[in-house]
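Here are the chains, one letter per residue:
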Amino acid sequence: MRAPATTSHSPYDVPRPAARRLRIYSIDPSLAQSLATSAIRETCIDVPWEDSVQGELLSGAMDESEERDTPLGPGPCGEYVEVIDVDPASDTCYQPVDLSDPYLLAQDGLAPSDGNPQFHQQMVYAVAMRTIRNFEIALGRRALWAAHEGQYVGRLRIYPHGLREANAYYSPGKKALLFGYFQASPVDPTEHLPGGIVFTCLSHDVIAHECAHALLDGMNCNLTEASNPDVLAFHEAFADSVALFQHFSLPDVLRFEIARTRGDLRADNLLAQLAQEFGKAIGRTGALRSAIGETPNPAEIDTVNEPHRRGAILVAAVFDAFYAIYQRRTADLYRLATQGSGVLPQGAIHPDLVARLANEAGKTAQHVLTICIRALDYLPPVDVTFGEFLRALITADADVVPDDEWGYRVAFMEAFRRRGIFPREARSLSEESLRWEGPDLTAADAASQVYLGRDLSHQMRDWNLSGNRRVIFERLRDARQTAQSIIEQTRGYKQRITRGLDLDRFPFEVTSVRPVRRAGREGQFLLDAVVEITQQRPGFVDATLDEALARGGEPDFWFRGGCTLIIDVETGRLRYCIYKSINSAHRYERQRSLVAGQGAGASLAATYFDSPSGEEASEVFAFVHRGLGGAL
Amino acid sequence: MARLRAARSGCTVRMYRHGLGDCFLLAFGVSQRTQRYMLIDCGVLLGTPNAEARMQAVVKNIHDATGGHLDALVITHEHWDHVSGFLQAQQAFAGLTVDEVWFAWTENPASPLARELRERRRAALHGLRLALASAGPTPPLFARRIESVRAFFGPDLAATGRATTEDALDWVKQQWPNHRYCEPGGTPLTIDDLPEVRFYVLGPPADTTYLRRSTPTKRGGEVYLDDPHSGQLGLYLAALGAAPAVRQPYQAAERFLPFNEAYHRQSFDTEVTEITDRYRSEPWRQIDAEWIGAAGELALRLDAHTNNTSLVLAIELGRGDKVLLFPGDAQVGSWLSWNEVGWHGEDEAITTADLLARTVLYKVGHHGSHNATLREQGLERMTNAELIALIPVDREIAGRMRWRMPHEPLHERLTQKTLGRLVLSDTGLPMAAGDAVIEAFRGQCAQTDLFTDTPIIPWNRARSAPTTAGSQRPRRPPRR
Chain A
1 MRAPATTSHS
11 PYDVPRPAAR
21 RLRIYSIDPS
31 LAQSLATSAI
41 RETCIDVPWE
51 DSVQGELLSG
61 AMDESEERDT
71 PLGPGPCGEY
81 VEVIDVDPAS
91 DTCYQPVDLS
101 DPYLLAQDGL
111 APSDGNPQFH
121 QQMVYAVAMR
131 TIRNFEIALG
141 RRALWAAHEG
151 QYVGRLRIYP
161 HGLREANAYY
171 SPGKKALLFG
181 YFQASPVDPT
191 EHLPGGIVFT
201 CLSHDVIAHE
211 CAHALLDGMN
221 CNLTEASNPD
231 VLAFHEAFAD
241 SVALFQHFSL
251 PDVLRFEIAR
261 TRGDLRADNL
271 LAQLAQEFGK
281 AIGRTGALRS
291 AIGETPNPAE
301 IDTVNEPHRR
311 GAILVAAVFD
321 AFYAIYQRRT
331 ADLYRLATQG
341 SGVLPQGAIH
351 PDLVARLANE
361 AGKTAQHVLT
371 ICIRALDYLP
381 PVDVTFGEFL
391 RALITADADV
401 VPDDEWGYRV
411 AFMEAFRRRG
421 IFPREARSLS
431 EESLRWEGPD
441 LTAADAASQV
451 YLGRDLSHQM
461 RDWNLSGNRR
471 VIFERLRDAR
481 QTAQSIIEQT
491 RGYKQRITRG
501 LDLDRFPFEV
511 TSVRPVRRAG
521 REGQFLLDAV
531 VEITQQRPGF
541 VDATLDEALA
551 RGGEPDFWFR
561 GGCTLIIDVE
571 TGRLRYCIYK
581 SINSAHRYER
591 QRSLVAGQGA
601 GASLAATYFD
611 SPSGEEASEV
621 FAFVHRGLGG
631 AL
Chain B
1 MARLRAARSG
11 CTVRMYRHGL
21 GDCFLLAFGV
31 SQRTQRYMLI
41 DCGVLLGTPN
51 AEARMQAVVK
61 NIHDATGGHL
71 DALVITHEHW
81 DHVSGFLQAQ
91 QAFAGLTVDE
101 VWFAWTENPA
111 SPLARELRER
121 RRAALHGLRL
131 ALASAGPTPP
141 LFARRIESVR
151 AFFGPDLAAT
161 GRATTEDALD
171 WVKQQWPNHR
181 YCEPGGTPLT
191 IDDLPEVRFY
201 VLGPPADTTY
211 LRRSTPTKRG
221 GEVYLDDPHS
231 GQLGLYLAAL
241 GAAPAVRQPY
251 QAAERFLPFN
261 EAYHRQSFDT
271 EVTEITDRYR
281 SEPWRQIDAE
291 WIGAAGELAL
301 RLDAHTNNTS
311 LVLAIELGRG
321 DKVLLFPGDA
331 QVGSWLSWNE
341 VGWHGEDEAI
351 TTADLLARTV
361 LYKVGHHGSH
371 NATLREQGLE
381 RMTNAELIAL
391 IPVDREIAGR
401 MRWRMPHEPL
411 HERLTQKTLG
421 RLVLSDTGLP
431 MAAGDAVIEA
441 FRGQCAQTDL
451 FTDTPIIPWN
461 RARSAPTTAG
471 SQRPRRPPRR
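In the order they appear, the protein sequences are chains A and B.
Under our numbering, think of the first position of the first sequence as 1, with each following residue one higher.
Under our numbering, think of the first position of the second sequence as 1, with each following residue one higher.
The set of hints was computed from the structure by calculation and includes no laboratory data.
Note that CB positions come from ideal geometry on N, CA and C, so glycine has one too.
Mixed in with the good hints there might be a few duds.
Said to hold, decoys possible - With beta-carbon atoms standing in for the labels, derived distance ranges:
(1) A:Glu432 <-> B:Arg402: 42 to 52 Å
(2) A:Gln95 <-> B:Ser111: 45 to 55 Å
(3) A:Phe506 <-> B:Glu119: 56 to 66 Å
(4) A:Arg427 <-> B:Gly399: 56 to 66 Å
(5) A:Asp546 <-> B:Gly399: 46 to 56 Å
(6) A:Arg427 <-> B:Ser281: 47 to 57 Å
(7) A:Arg262 <-> B:Arg280: 53 to 63 Å
(8) A:Ala18 <-> B:Ser281: 27 to 37 Å
(9) A:Gln95 <-> B:Glu282: 45 to 55 Å
(10) B:Ala432 <-> A:Thr544: 21 to 31 Å
(11) B:Trp284 <-> A:Phe506: 48 to 58 Å
(12) B:Ala436 <-> A:Gly438: 51 to 61 Å
(13) A:Glu547 <-> B:Arg5: 40 to 50 Å
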């Protein structure tokens, strides 16, 4: 997120506010219905300040150097998102809320209310912006949405009342979040009013989850193509993790739950659960998903294929890692509080201890989430697996925090191992062998890497990572095209960059060039360039890798391969080469059997339909989500 | 024409090869001359070329093979590929006499639960029709999903929202007035002069929670066939104009709205505002019809639900003897419920495990789809080494619909378990290719373009000890 302008446009010489405070339901409206939780039913969060149209004009802030083309308008409609509250099923639309109204500014927005659509708009806006900001802080650069037919998409659309069903999803085709509302049908009528209306857009978790889908798609649009059972599951797990760890950035809820559980985050608590109200309203006994409660079973990873359930394994592993780190970071506090016995006396714990524990939990959650988000830059360009995510995570973290004082990486490795998640190809599960390998280049090869690195570094020299998003988008596009032509035109180049690629037989595409920060030896920040190159070849359900090539006609699926190169911009040296071979018969067979239905989930749709292709692929989440009777 | 015959106390199963659909004629030998006939289903998938001619040829053959009389007619469930023949070859059927028609209890007009289930099904069908109607000229993504279900409910669904299959059933009920509504468990059924042969009813489950289970997973609450008024899709159906979602009198508005009227603007087509301008500014991002998409899932659930109401029969050729399993299109929920069903004969108690272990002929459910044959609790419990499997399927038609029938892994496993004695109705008897087991199997069976005949000789006639892979013939439980 851009740093707030320090220059003042106010006659009182007051700096522009950094944040706008908005009231939201802290988790969802169900907390208000129980005396035990009503104290934390609502909270007030800071979202990045976006100027109102009027404010901009009055202050004369719309000078060209700022390139501020997107002030916050009614909707709310800001720089990153636009909330458009149409309800086609009801053939109506709702008056958009104007958060710049002085009365609303003075009282932190509208008061939480499930019966007021304007509050719904405020809440989706607030939680979505909060999610985006957390994501950007972790990533170290500004977030972009996936392009539409190569064109820049500035704002994610949010339709808070777009569906009438127990569902919400991100539509990659429309670059939009759609939220539904439905009548509750709980098992236990005392948990929720039967027939009462539940709005998915009032659930913090649902909003954060869907928004995370959109952010992830903006990072890597190949992750929506289910080439192995892990891909969609990874998307779901990532979205769940973002929603889960965002709970820890709600101070009221955090302190409340720390006090209630006496710091034991393994106990049943709101922080580790997702979509309480929704779960109960669709007839579950509790939350839709929970990160705690299940004993790790390493065999599960081999049997569970449905994306949400498979994703839950990864979420549980990440949460285990979080818990282990939290325990380590708070061990001294417990020793102090218990005179070294480690056993807390009965009853409530001291408010100071609550505050310190909450502080540690919040910090740890932020770290863990940051580690997960940063790993996204270190993934192979296509066909991601959980094991590769672990390798990416370890590598990325080692690049930023070389000195792992608290054992974060060990905690991750252990938690993942206990859930049966490890890279099949790694020689051992030590940190060294989990880190991505270098290029294994001969001296001659190395030279060409240096050229590519130098050419790119030239491109990236004066990049402002926090500038205007449209400009960033255009620069990244130019850098992609430059890289493409460098590789195509430089003689002998194609022969040298061969890891995972087959440049003789298939055309290639540079799908992404982006900058990544990393810490140098002396703690200074260095810039790396991530370059993704992909290729594709046809695949048929009833043909092997080589047979498929000879066959003509419309293929049943595209088989993709490629590599992610991470290049030190300063020296031009290739640091890592993360590849998925385009000629891998093993991977082809895995994808082929998935498409043929052998590894398909157990839904009826799997009998009747192929894996989503063509048009259905653009709505992959709608179908993934609906297939479960609305599991978001 | 030759009558279909079975050896004394045995059974010959004729599977018709008319396309993607079920039609099975069973002959039971009372003596060398006297036979009893049972017909299980008669239908073919909607959209099959020359469907009427095909079905008429089938029914003519039934007529010839039985002499125009059926001792029992079994209607497993109300899907077009199981009952279309009663409309497409109605005249030929009218010439048949039928002693008794067997239905699942879910068809029983006297059962309140069955009536309620049918009402819900009707409401859902009605919703689907309205969804299709409101989808507009360009078929949206979900339409294909509805299409697949439409094929199971007959040609009228799109036009009237009424399942044509209901017409077929009504005609059957009127034509042959002697009905039996079968409930799982209790005393096995028999037909006259065949006291040895006992028909065990395994499903549809009497417990509705099983009826709703369509997939092997435990999660995913079944919500789509809830009560149409207060259920989760109540608001959805209300918006389609199908079922007014009214919970409280004050909500009895013309249109059910999520908010107080005061918040609702007029229809956003008529009033141009800043927000609708922005909405319309990028047409590719509009969501006018997205909400209707829930219909696709509704369609799939409805299909699964109907499959689960299949009448499931296990036919035992004699006490402790061979068993033939005809599960209709029962899906996971039904299979799971069988464990809780038991039967009391004169001096014994029979369990599902026992029946499955003695199963030597399995009519593969739902044309071999992956979720109509349960693995551990089903197929893997059919341990008899003599197992034969019949799959009524037409891979060309299934391929055209882009359905995975038969499911590849299931097909493989069935081939293993039957040692190759697996008959698919489109290709007929398996090719021997030097395999002695298949060679012998082919020798026993008969085949024409219209059907395959598979004779089953009971163990007590074959005079050879049965060969079971795991357990030998199960011991009878001690008498109490």
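Going through the hints against the structure:
Checked against the hint of 42 to 52 Å, the pair A:Glu432 and B:Arg402 passes, with Cβ atoms roughly 48 Å apart. Between A:Gln95 and B:Ser111 the Cβ separation comes to about 51 Å, which falls inside the hinted range of 45 to 55 Å. Under the hint 56 to 66 Å, the C-beta atoms of A:Phe506 and B:Glu119, about 57 Å apart, fit the expected range. Range check, A:Arg427 to B:Gly399: Cβ separation about 45 Å, and the 56 to 66 Å hint is violated.
At roughly 24 Å, the beta-carbon separation of A:Asp546 and B:Gly399 lies outside the given 46 to 56 Å, and the hint is violated. At roughly 55 Å, the beta-carbon separation of A:Arg427 and B:Ser281 lies within the given 47 to 57 Å, and the hint holds. Distance hint check for A:Arg262 and B:Arg280: the Cβ-Cβ separation is about 55 Å, which falls inside the suggested range of 53 to 63 Å. Between A:Ala18 and B:Ser281 the beta carbon distance is about 31 Å. The supplied range of 27 to 37 Å therefore holds.
Taken as a hint, the range 45 to 55 Å is violated for the pair A:Gln95 and B:Glu282, whose Cβ atoms sit roughly 21 Å apart. Against the hinted window of 21 to 31 Å, the Cβ-Cβ separation of B:Ala432 and A:Thr544 comes to about 28 Å, which satisfies the hint. At roughly 30 Å, the beta-carbon separation of B:Trp284 and A:Phe506 lies outside the given 48 to 58 Å, and the hint is violated. In this structure the supplied range 51 to 61 Å holds for B:Ala436 paired with A:Gly438, their Cβ-Cβ distance being about 59 Å.
Distance hint for A:Glu547 and B:Arg5: a CB-CB separation of about 48 Å, consistent with the stated range 40 to 50 Å.
In terms of the numbered hints stated before, the structure departs from hints 4, 5, 9, 11, listed from lowest to highest.
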